[in-house]
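Asker: Modelling step: build the complete structure from the supplied sequences, incorporating the hints.
In order, the protein sequences belong to chains A and B. Mapping the first sequence onto numbering that gives the first Met the number 0, position 11 (from 1) lands on 10, and the numbers just tick up by one. Mapping the second sequence onto numbering that gives the first Met the number 0, position 488 (from 1) lands on 487, and the numbers just tick up by one.
Hint data in this document are derived by calculation from the structure and do not stem from the laboratory. Take these hints with a grain of salt, some might be off.
Unchecked claim - Listed below are the simulated EDC-like cross-link pairs for lysine to aspartate or glutamate, each with C-alpha atoms no more than 20 Å apart in a straight line: (1) A/Lys183 with B/Glu334; (2) B/Lys392 with A/Glu100; (3) B/Lys389 with A/Asp70; (4) B/Lys120 with B/Glu334; (5) B/Lys282 with B/Glu70; (6) B/Lys389 with A/Glu60; (7) A/Lys93 with B/Asp386.
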Amino acid sequence: MEPTQTARRNFLLQVSGAAGAAWISAQWPTILEAAQHAHRAVASGNGKLEILTAEQARQVEAIACQIIPTDDLPGAREAGVIYFIDRALKTFAKDTRPLYEKGIAHLSQLTSAKYPGAKSFADATTEQQSSLLVELATKKTDEDHQRIGPGESDDFFQTVRMHTIFGFLADPSAGGNKDYAGWKVIGRDPAFTFSPPYGYYDKNYPGWEAAKAEMEKK
Amino acid sequence: MSQARVTYKPSDEVDFAIVGSGAAGGVLAKELSSNGFRVVVLEQGPYLRPEDFSHNEVEVFIRHQLTNNPEIQPVTFRKTPQDKAKLQPSVMYGRCVGGSSVHFTANFWRFHEIDFVEHSKVGDIPGATLVDWPITYIDLEPYYTKVEWEVGVSGLAGASPFDPPRSKPYPMPPLPVKGSGVVFERAAWKLGYHPFPAPMAILSRPRAGRDSCVNCGFCLGFGCEVGAKSSSLSAMIPVAEATGRCEIRPNSYVHQIATDKSGRVTGVLYFDGKRNIHLQRAKAVIICANGAETPRLLLLSKSAQFPDGLANSSGMVGKNLMPNSGAMAFGVFDEPLNDYKGFAVSRVLHDFYEMDHNKVGFYGGGGLDARFDLTPGAFAMNGLPPDTPKWGKEFKHALRQNFTRTLEVFCHATSLPVESNSFSLDPDVTDAWGLPALRMTYRDHPNDLKMMEWMKDRAMELLDAAGAKTKWHAPIEEQQFAVHLLGTCRMGNDAKTSVIDTDHRTHDIGNLFLCDGSSFVTSGRGQPTMTIEALAFRAADRITALAKRGEIKS
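Answerer: Structure representation (structure tokens):
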């Protein structure tokens with residue numbers, strides 16, 4: 000079974016309690032069907048480009064890898080961000096296709112002007128790429144909004160950045176975050192259900208009344 | 000869940016057509032159908048089932064799966080009536096069966112006594128239209144209890160010394176504490192405050208055939224796959240449908256309230272999913288379309304007979320918009336909180352709910368909670384300290400370091416009613432159906448900005464006391480985005496200054512009722528849904544009584 004489907008099934012199995020069990024038996028077929036559908040949709044986009052040409056994809060992936068580089072943990076490349084972006088350009092971010100085309104061309108001009116030795120942005124050294132992106136990303140980035148949507152940012156770099164982030168970190172059913180690569184980096188357990196304690200500070204919490212009594216003693 | 004559902008023909012004259020299936024519409028549908036009435040609920044959005052919900056941030060945040068879609072429903076914004084409004088997605092609300100209750104955080108605070116009588120306490124405030132509610136906390140108390148027991152709220156009665164009186168404890172214990180709750184609680188006690196387990200409309204125990212929370216971590220913004228979040232979708236609509244008298248009709252966009260020559264309402268005109276127009280006939284209409292769409296629908300329903308829109312003889316339809324004030328501070332801790340697990344909020348404090356305005360220099364008050372409601376993508380966009388590089392090695396390092404160690408202290412507070420803050424029809428922009436778009440006019444009263452600054456300072460102090468190693472806050476600036484849509488068809492005894500009476504009946508039209516955030520007279524302290532639902536339970540009682548006395552005739 001593929002990871003997405005396994006996780007989904009684990010979720011169903013982990014739902015606790017009698018009502019949970021009843022709910023699962025009632026919902027199991029439809030839930031599983033939905034999960035499989037999402038999975039098929041992902042599989043169809045994964046490893047195959049539908050919108051970007053191989054060359055465009057190589058340039059965009061190089062940008063994505065500057066935004067979230069690979070170190071001892073996966074980066075944009077390992078998470079399959081480029082396939083997420085390709086799918087985005089086919090679906091919710093259709094409107095940004097011209098922005099991508101113009102942006103890639105612009106970056107190519109910038110590269111040959113600044114580093115005539117480099118064949119393209121993707122072929123430049125990582126230091127050169129970084130300094131080119133600094134130039135490209137002149138617009139300040141702290142205006143990002145959680146709900147920034149297609150067409151709301153006309154800035155190529157900001158758009159690629161947002162797509163890279165969601166391709167790296169959104170649930171794999173969105174088409175990126177391959178094998179939960181992004182969640183490995185940020186430390187998010189891909190399980191669908193959790194039980195407390197969750198972390199360092201809530202371990203051994205005695206309950207509100209006891210905690211209050213303890214505090215009042217002090 | 001699979002009983003035969005009733006369906007009505009548009010030509011059937013039902014007892015009630017309810018516009019909107021959210022917090023208020025869901026409760027009214029359940030109550031009125033249970034009381035024996037024939038009800039059709041028209042919902043502009045789709046009827047999504049638990050299996051349609053996912054943890055997919057792209058679907059939810061970018062593709063607007065559960066909320067209004069600015070691409071087909073443009074909204075315009077301006078600060079003052081003198082400005083020309085420009086396209087800006089400044090309003091967000093739930094657009095599916097269950098409305099905003101499907102994706103909300105589920106903080107369920109009751110209003111306190113003060114929320115209903117502020118004008119009596121503080122008097123006139125220049126630039127504001129502050130008045131008392133025509134009902135009091137005591138009138139609503141039984142209905143708050145009903146919300147807790149019937150919709151499903153987890154909490155601990157008596158835990159907050161500031162709580163108003165209550166007739167019954169919560170039906171379920173509080174949800175488990177999170178790391179954010181523990182550090183917040185300790186800090187609050189250190190500073191002499193009174194933190195308590197957050198009352199949340201999420202089941203801590205299985206109840207009424209619904210499962211308890213599985214702590215999946217995709218709560219705010221998402222639909223609940225196990226039905227533990229007490230949305231109208233999971234708690235009210237199934238009961239309404241089980242009566243065999245209530246039809247939920249999704250993908251039905253009501254754009255006009257139909258009236259006859261005598262000025263009575265005869266039904267609602269709506270677009271179906273294929274954009275065909277139908278007239279659903281009804282003896283009475285209840286609009287529960289939210290504080291933005293309810294006034295818009297009244298204004299869209301203007302005619303030669305009602306040139307300023309329906310129920311608008313006072314001119315108050317759409318006025319006095321209150322979105323609640325807010326402030327947000329973030330802290331990063333040394334050890335992992337893993338606060339991405341579970342629902343959003345586990346601890347709250349209400350020490351600043353009611354303050355001496357002479358002492359603090361502003362009117363109002365609010366509550367603070369500890370939370371982490373940023374899902375992974377949203378966190379990377381918005382959750383890092385402002386001086387963190389936005390891409391590259393250090394950006395990735397910060398994501399890696401901070402995601403499990405960050406929490407937010409969120410302040411929720413009052414907004415003053417200001418008459419020019421409003422929803423109206425945009426004269427130039429239309430939606431995908433060719434109807435005038437919603438136009439928002441809003442500028443915070445200077446008092447509210449002062450209060451937000453003050454609240455933000457308290458949040459930063461709490462983060463200090465909690466031992467955050469890094470802390471920062473969102474800038475305090477004039478708000479241009481509203482999710483709490485309150486006050487735009489206010490309730491009152493005087494038909495000249497308000498839109499509905501205490502039965503939620505419009506002063507102008509005997510068989511037209513409004514119930515949702517638009518009914519609010521003041522904003523409360525930032526958690527409106529509990530009160531919207533209590534009002535809806537109460538409205539259902541009042542409307543049932545009127546109908547049984549034969550006082551609603553079409």
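Asker: Take the hints in turn and mark each one as holding or not.
Answerer: Each hint, compared with the structure:
no.: 1; hint: A/Lys183 with B/Glu334; result: holds, 17 Å
no.: 2; hint: B/Lys392 with A/Glu100; result: violated, 26 Å
no.: 3; hint: B/Lys389 with A/Asp70; result: holds, 17 Å
no.: 4; hint: B/Lys120 with B/Glu334; result: violated, 45 Å
no.: 5; hint: B/Lys282 with B/Glu70; result: violated, 35 Å
no.: 6; hint: B/Lys389 with A/Glu60; result: holds, 17 Å
no.: 7; hint: A/Lys93 with B/Asp386; result: violated, 32 Å
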